[in-house]
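Quick mapping for you: the protein sequence lines, in order, are chains F and D. For the first sequence, position 358 matches number 358 in my numbering, and the numbering has no gaps at all. Counting the second sequence from 1 gives a position; my numbering is that position plus 419.
Some clues are possibly wrong.
[Said to hold, decoys possible] Simulated coverage check for chain D against chain F, where a stretch passes if three residues somewhere in it have a Cβ under 8 Å from a Cβ of chain F:
#1 431-437
#2 454-465
#3 555-561
#4 584-593
#5 688-698
[Stated by the list, open to error] One side only, chain D facing chain F, incomplete, derived with CB under 7 Å:
#6 A468
#7 A471
#8 A520
#9 G523
#10 A566
#11 P568
#12 F726
Think of the hints as simulated: they come from the structure by calculation, not from any bench. Here a beta-carbon is modelled for each residue, glycine too, at the ideal position from N, C-alpha and C.
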Amino acid sequence: MSPEPLDVYWRLPSHGDPVSPRDSTLRRGDWTPTTPASIAPGPDDHVSYVEHLGDIARAAELAGFAGALIPSFPVTDDPWVIASALARQTTTFRFMVAFQPGFLHPAHAAHLSASLQRLTGGRLVYNVITGGGGPDQLWWGDPVPHDERYARTKEFLEVLRGVWDGGPFDFDGRHYSVVGGGLAEPLRGQPFPQIWFSGSSDAAIDAAGAHADIYLSWLEPLDALRAKMDRVRERAAALGRTPRFGVRLDILARPTHDEAWNEARRGFAAADPDAPRPWARAGQGDSVGAARQRRLLGDGSRPGSAEDLLVAPNLWAGFHLLRPGPTLGVVGDYAAAAERIDDLVALGVDAFILAGVPHLEEALRVGEEVLPLLRRPVRTFSSPPGSTVASTPASPASPAASTPASPAASSSVPSLVSS
Amino acid sequence: MPTRPDRGAVDRAFDVLLQEGRAAEVAGFDGIVLPFDAAGEDPLVAATAIAAATRRLRIVAAWPIPGATPVYAAKLAVTFQRFSGGRLGWWIDSDGPGVGAAYGDRLVRPQRQGRDAELLDVARQVFAGGPVDVTGRHATVAGGGFADPLSRAPFPEVWVSGTSPAARELAAQHGGRLVVPAGTGVTTGNRSDGAGEIGAGTVGTLAAVTSAAVTSAVETGGAIGGTDPGAGAGADAGIAVELAVVARETAAEAEDVAAAHEPPAGALVGSYDDVADRLADLRAAGVTGVVLGLTPVLEEAYRFGHFVRPLLGTREVATRVA
């Protein structure tokens, strides 16, 4: 029996994007002051950022990705709205919407999701996040503490599933209550979105064990990742489930080893040593995943060279210097990049969220140069997966023609933590 | 505009909604209203998809987002604003039954109205930028508020449907527009003095409203609502009337159609000239917008665009499809 193909997603940068790994200035979008080099800065040239996101989504679709993760943080645009806006500009592209259960009522989330399934022909995927805590959690208006948030996530997913196929559904929990719930026709009966579950703590693993289709982790050194996966397997087995594993990682791949390292070195040299570290904000929270990434940076002293951040062959802990986000990623030639993914597959990972900056051009590069080198095939879609609305043809692209009219740009640079 | 279209295959609902939204724009309407319907498509999803398929159509979608924190509701809205060029309005059915316990809402009026007022106030603060620190009955936020560039987007227009004191107060506090059904007793202009009663159950009485009673609610622009994205509390956008319209070349034809289809109470039934006259009367009485119920949406939006809208001429009556 041939092995199941891999599920490989890309990432939509919902917070602007740099032009290259050499310069972390976000010249795509309006998160930094508009200059003549800006692309899609919104009101300043009447091309809103969603137009650029549409280019990335279509590129990822062309390059063979299943879809993309759409992150959600205080500074980002919102994933539900991005997905709704791009639904009819794409055909097979799946929208992995990151969201925190505490921010919506699960009965309404079901309504929203079912409607999005109907709009997209079943292309919605969930990235359930239970939050990093600290200032960001209060920014969102969510004062619930860490372990209690995971208890809430469990309730949320129970209600979401409970109402999904109709009612009457009643629920009386600590965080949510529903009387006579259940999606009405014609919303009920849509494919339930696959759940990619984020969280590294014991409480998260408990919640994931009950509900996750795919347990998602940032890239970590292989030993640490293996240990974590073993823990999840053990906890999930007690619940009678066998979770799949997904890893979210950045790739800086070039035709040759030297070219790839040249990019990493230039990015390292250009990085501002005084810039806020990517975990400065998350570090104030209670995210266990963020703490695990932080430890990769050792004592926080500035390394002397890019090579100092190499933690294993091709595994480089300097990605936070190139763009906001986690530290560890893959640097290497195309074959080496593919081999590092193969290593993860050998560990039991069969789902991936890959990324690289700039997300548009790198979607094409990674899709065309790296994915074909993987030992396991990548799942491809000629039609939307899991759809029960096969009679709904995908509409051709309908270019959004917006005429943004917001006030002129101001110039503060946002602090940014990204998935 | 119903989010549960009354035509087409059930799994083609979005194709119908997108077509209707485009038709409303092409036919010259300023915007559309997308209320919440448990058996309809989600207003936010529909609004965003329609916005992506149109250029200037304003979209007034149901608010509050059931069970959402005010920060998250604001986040959903701000991205819509950024992507659409600021074309969002929030449709607040203040006097309506609410989404109910099936959507986790156990509050009834007037407690629900009190909560909505608090959430809307927090959402406005979040739009204005930080730091937002709130410890309310229904929301807790610390160090909140959008940073640049999200903080540059305009707050959505506020449309409050209702006639109760709480509805009026909410509209007034947010510079919003109060939407009243045709045939309900509501005043234009100075809302507290009881003058300028609109309607007493029939369309005919709409014409009886005199502009003398109108003092402050008339806008000068041709378009209704949100023309000043910076408008905040205190900038009163006036009163709009929601009414179904059946317009035909002759009044007799219109009455035949109405007899066959039984439009809702307060419907405006008449010839193109009659309908234009009544809308102009509303305008003269200080009504700053009308939300028209047109069925079926596409054909009737085109009909209105061809035959009624030109008659409004310089009367500057702006229109939306309900």
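Here is what the structure says about each hint:
no.	hint	in the structure
1	431-437	holds (count 5)
2	454-465	holds (count 7)
3	555-561	holds (count 4)
4	584-593	violated (count 0)
5	688-698	violated (count 0)
6	A468	5 Å, holds
7	A471	4 Å, holds
8	A520	4 Å, holds
9	G523	4 Å, holds
10	A566	5 Å, holds
11	P568	4 Å, holds
12	F726	28 Å, violated
Hint compliance for this structure: hints 4, 5, 12 are not met, and every other hint is.
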